[in-house]
Amino acid sequence: MTSGTSSKKPNTVPFEVAPHLSRYSITMKDYLKQHTHLRILAVGVLVRHEDRVLIVQRSKEERAYPNVWEIPGGSCESMDETILHGAARELYEEAGLTVSRICDQVTEGHTFWTGTSQWLKLTFLAEVQEAKNTDASGFPAVKLDPEEHQDYAWVTKQQALDGHFGDSSFGFLNETQKRVVLQGFNMVVLQ
Numbered sequence: 001m002t003s004g005t006s007s008k009k010p011n012t013v014p015f016e017v018a019p020h021l022s023r024y025s026i027t028m029k030d031y032l033k034q035h036t037h038l039r040i041l042a043v044g045v046l047v048r049h050e051d052r053v054l055i056v057q058r059s060k061e062e063r064a065y066p067n068v069w070e071i072p073g074g075s076c077e078s079m080d081e082t083i084l085h086g087a088a089r090e091l092y093e094e095a096g097l098t099v100s101r102i103c104d105q106v107t108e109g110h111t112f113w114t115g116t117s118q119w120l121k122l123t124f125l126a127e128v129q130e131a132k133n134t135d136a137s138g139f140p141a142v143k144l145d146p147e148e149h150q151d152y153a154w155v156t157k158q159q160a161l162d163g164h165f166g167d168s169s170f171g172f173l174n175e176t177q178k179r180v181v182l183q184g185f186n187m188v189v190l191q
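Numbering of the sequence shown is given in the UniProt record's numbering, commencing with residue 1 and proceeding in unit increments.
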């Protein structure tokens with residue numbers, strides 16, 4: 001399902017934010033000042049369309065975890081207006097999708113270590129503008145950045161559980177990533 005490339009520009013299109021997520025309408029720098037045990041903040045964006053969730057396959061050229069599947073996301077950056085803008089930017093950079101609304105937080109976040117640095121990854125459930133204009137398959141048109149990802153799929157909950165879609169099998173980056181995807185299927189989006 002690989003598609004064209006996305007440009008690496010930040011998402012500057014305004015988007016809605018569910019009121020209960022206002023605590024993330026701060027910069028990464030300010031968030032890290034409030035949580036001094038953390039060194040790095042990462043974000044993930046779970047996009048659902050009908051009964052499916054978008055997952056992307058890391059490039060075979062990636063030094064870390066080549067060929068594994070994950071949801072779009074990455075590190076917040078100092079240029080991000082807020083943590084939520086960082087999530088919107090990452091989704092646009094990695095999948096070419098434009099956030100129209102950040103609806104909820106999928107988990108309270110999970111921490112992990114790389115070397116001596118403790119990370120926190122926050123994952124948000126989002127709606128995208130492209131959901132109104134689907135491609136020939138009936139799903140929002142994804143445009144991958146080939147430096148980061150080589151393929152994508154819109155998977156059902158059962159496919160995520162089984163690790164299979166069509167004739168292909170896949171493995172998630174880790175069990176936490178799989179749990180986040182499965183939890184996303186159970187969330188109700190409030191309007």
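Derived from the structure by calculation, the hints contain no laboratory data.
Keep in mind that a hint or two might mislead.
[To be verified] With a straight-line Cα cutoff of 16 Å, these simulated EDC-like cross-link-like pairs (lysine to aspartate or glutamate) come out:
#, residue 1, residue 2
1, Lys121, Glu77
2, Lys60, Asp135
3, Lys60, Glu147
Values in this document were obtained by computation on a predicted structure and should not be read as measured data.
If you check each hint against the structure, which ones fail?
Per hint list: single violation, 2.
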